[in-house]
Structures are given as structure tokens and as C-alpha cells.
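Numbering-wise, my numbering comes out as the position in the sequence shown, counting from 1, plus 1053.
Fair warning: there could be bad hints in the mix.
Simulated pairs of lysine-lysine, DSBU-like, Cα-Cα distance not exceeding 35 Å [claimed, not checked]: (1) K1179 x K1249; (2) K1095 x K1170; (3) K1188 x K1170; (4) K1074 x K1265; (5) K1249 x K1141; (6) K1170 x K1249; (7) K1115 x K1141; (8) K1249 x K1188; (9) K1203 x K1057; (10) K1293 x K1141; (11) K1115 x K1095.
Pairwise CB distance ranges, derived in the manner of DEER restraints [said to hold, decoys possible]: (12) E1166 x I1308: 49 to 55 Å; (13) L1120 x P1270: 56 to 62 Å; (14) N1110 x A1231: 43 to 49 Å; (15) F1162 x A1231: 31 to 37 Å; (16) K1141 x I1117: 34 to 40 Å; (17) N1110 x E1166: 44 to 50 Å; (18) P1264 x L1120: 32 to 38 Å; (19) D1066 x A1231: 35 to 41 Å; (20) G1241 x Y1290: 45 to 51 Å; (21) A1231 x S1127: 41 to 47 Å; (22) Y1290 x E1202: 41 to 47 Å; (23) V1163 x N1110: 51 to 57 Å; (24) P1264 x N1123: 45 to 51 Å; (25) Q1140 x H1181: 24 to 30 Å.
These are calculated hints, taken from the structure and not from any lab test.
Idealized CB from N, CA, C, for every residue including glycine.
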Amino acid sequence: MYGKTPLVEIGTDVLYAEDIKQVLPLGLSDADSILFAERYIKNWAQDVLFYQNAKRNIPDTKDIDRLVENYRRSLFEHEYQRRLIEQKYSSEISQEEVEQFYNDNQRLFVLDESLIKGLLLKISNKSHDLSDIRKLYTQMDDESFEEIEKYCIRNAGRCDFFYDNWRSVAEIEVLLPALDNPLESLLGNERSFEFKDEENIYLLNISEFVPKGGIEPLEHARNRILGLLINSNEVSYMRKIKEDLYDAALEKGRITFHQKKRQ
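Could you put together the complete structure from these sequences and hints?
Below, the structure is given as C-alpha cells:
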């Protein structure tokens, strides 16, 4: 395929380097990344070979084709239903309804994991600008953000701004080097942290923190609340959609009955 780098070919099946990059877990060392890639390639090759062997040994595919078509049809129906419901109710459900549900059902929003907002930087410990970055990374203003972003682009550093998005503590911790104590245990009054490994410095600044057992912030819970409110209405809505489609088809003569309908 144009623009991609092939790694392995088995007949017409090709595995590309970009395919592995998409599934490569974040935070792996170079050695672990190589090991992951080797295992992925072997599993991919085994699956392809097994599939090719299965095709050779099952020449009659009528039953499989029927199952595939049924599954394809169900996917279309499910996706169409999802879009219909989303179009109708995402615009009809007001912010006031979302907030009312949130306030009336706080028991549903007790967190089973801690959430944080903040900034995580990963930069080389050989950086000449390290002292400047240390001063900037705790300052939550646009000018500081711009300087940090420029630095990361110039020096291939990692820069994760999540001041506007809640992330789980566990999700951030996997991006850090191995810690003596869990990150969550460090989140008391302290909000700025510095960690390091042999090659890099990790600077973490936390602007907001909600501990496990606390109440999930409304902005983080909003999509789930919309889903809950939509689910309560979708059954009757979909029944009406199907009835309307049926009645319209009858009126336009699109349905042909080859046996006389019972009176």
C-alpha cells in the first residue's frame, strides 16, 4: 500500500510497520517494544496462515456467506439506530436535564479510580533548557504553554496537556518511570512532581484531583448521563420509527403480499 512500510508478506496478506505502531502500548522501553513487535508479528502470521488454510479446506462457503451477510446487516441496522437516536436525543436533552440527573443520582457517580487534570512533560536529562522548563511547567498560562510546546517540537520531547480533560491517575502513571510508591499515594497537597530515569526527566503538574471514592465531575460524566437518558427513551422511539417506515411503505405500494392478508 502506497505510503506504508511492509514488514511481512504471506501471499496477498501484508503486515505494515504502521499497523504495529498503532497498537504499540505507550511507555514501553526499546527492548520491550522490540519484544512486543516480535510477538505481534508471530501472532499475525499464525492467524493469517490458519485463515488461509481454513479457506482451502472449506470450499463450500454458502453457510459462511449467509452468516457474514446477516452480521453485516445487523451492523448496518445497529449503526443506523445509533445515529438516529444520537441525532434526536443529543439535541433534545438539555444541559439542565443532564445537571438534574447528575444531582439526583450522585450514587451512580462514585469514582472507582482517581482522576486528574494537568500537564506531563518528558524531556532529555541532557537538555540545556531544563532549568527554564522547570520554571514554565507549573505556570498555567497561554504564553508558558506555547513556549513548552515549541520546546517539545524542537527537541522531540513528549508533551501531554490535559488541563481541559480528566485522565485517570493509572493512565498517567504508565507514562512515568517505575516509582517507589504509587502515584496516587503522592497526591496530597503536593501538585508538582519531578521523576527521572537514566535518560529522561518527567515533569508532572496537576491542576485538579478527584480521589477514588469521590464524585465524578459532571463534565467527565456528561456523555454517560446522555447515554442513560437516551436509553430510557430509545425503545419507544425506535418502535415508532419502524411503524412509520412500514406504514409509508404500505401507502406507496412498496410491499407486495403474495398471499391475501387476513382480515
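Hints, one by one, checked against the model:
For the hint pairing K1179 with K1249, the CA-to-CA distance comes to about 12 Å; that is within 35 Å, so the pair holds. Simply put, K1095 and K1170 have alpha-carbon atoms about 39 Å apart, too far for the 35 Å limit, and the pair is violated. Only pairs whose Cα atoms come within 35 Å are accepted, and K1188 paired with K1170 is accepted, the gap being roughly 19 Å. Taking the CA atoms of K1074 and K1265, the gap is about 32 Å. The hint holds against a cut of 35 Å.
Using a Cα cut-off of 35 Å, the hinted pair K1249 and K1141 is violated, with the two alpha carbons roughly 50 Å apart. A hinted pair counts as satisfied when its Cα atoms are at most 35 Å apart, and K1170 with K1249 qualifies at roughly 21 Å. At most 35 Å may separate the alpha-carbon atoms for a hinted pair to count; K1115 and K1141 exceed this at roughly 39 Å. The hinted pair formed by K1249 and K1188 meets the criterion: a straight-line CA distance of about 17 Å does not exceed 35 Å.
The straight-line distance between the Cα atoms of K1203 and K1057 is roughly 28 Å, inside the 35 Å bound, and the hint therefore holds. Among the hinted pairs, K1293 with K1141 is consistent with the structure: their alpha-carbon atoms are about 13 Å apart, no more than 35 Å. With a CA separation close to 31 Å, the supplied pair K1115 and K1095 stays within the 35 Å bound. A hinted range of 49 to 55 Å for the beta carbons of E1166 and I1308 is consistent with their spacing of about 52 Å.
Separated by about 44 Å at the C-beta atoms, L1120 and P1270 break the suggested range of 56 to 62 Å. At roughly 48 Å, the beta-carbon separation of N1110 and A1231 lies within the given 43 to 49 Å, and the hint holds. One distance hint, 31 to 37 Å for the beta-carbon pair F1162 and A1231, holds here, with the actual separation near 32 Å. The given range of 34 to 40 Å is respected by K1141 and I1117, whose C-beta atoms sit roughly 36 Å from each other.
Here the CB-CB span from N1110 to E1166 is close to 47 Å, well matched to the stated 44 to 50 Å. Taken as a hint, the range 32 to 38 Å is violated for the pair P1264 and L1120, whose Cβ atoms sit roughly 48 Å apart. For the hinted restraint 35 to 41 Å between D1066 and A1231, the CB-CB distance of approximately 38 Å keeps it satisfied. Taken as a hint, the range 45 to 51 Å holds for the pair G1241 and Y1290, whose Cβ atoms sit roughly 48 Å apart.
At about 45 Å, the CB distance of A1231 to S1127 agrees with the hint of 41 to 47 Å. Hint check: Y1290 to E1202, Cβ distance near 45 Å, so the stated range 41 to 47 Å holds. At roughly 53 Å, the beta carbons of V1163 and N1110 sit within the given window of 51 to 57 Å. At roughly 47 Å, the beta carbons of P1264 and N1123 sit within the given window of 45 to 51 Å.
At about 53 Å, the CB distance of Q1140 to H1181 disagrees with the hint of 24 to 30 Å.
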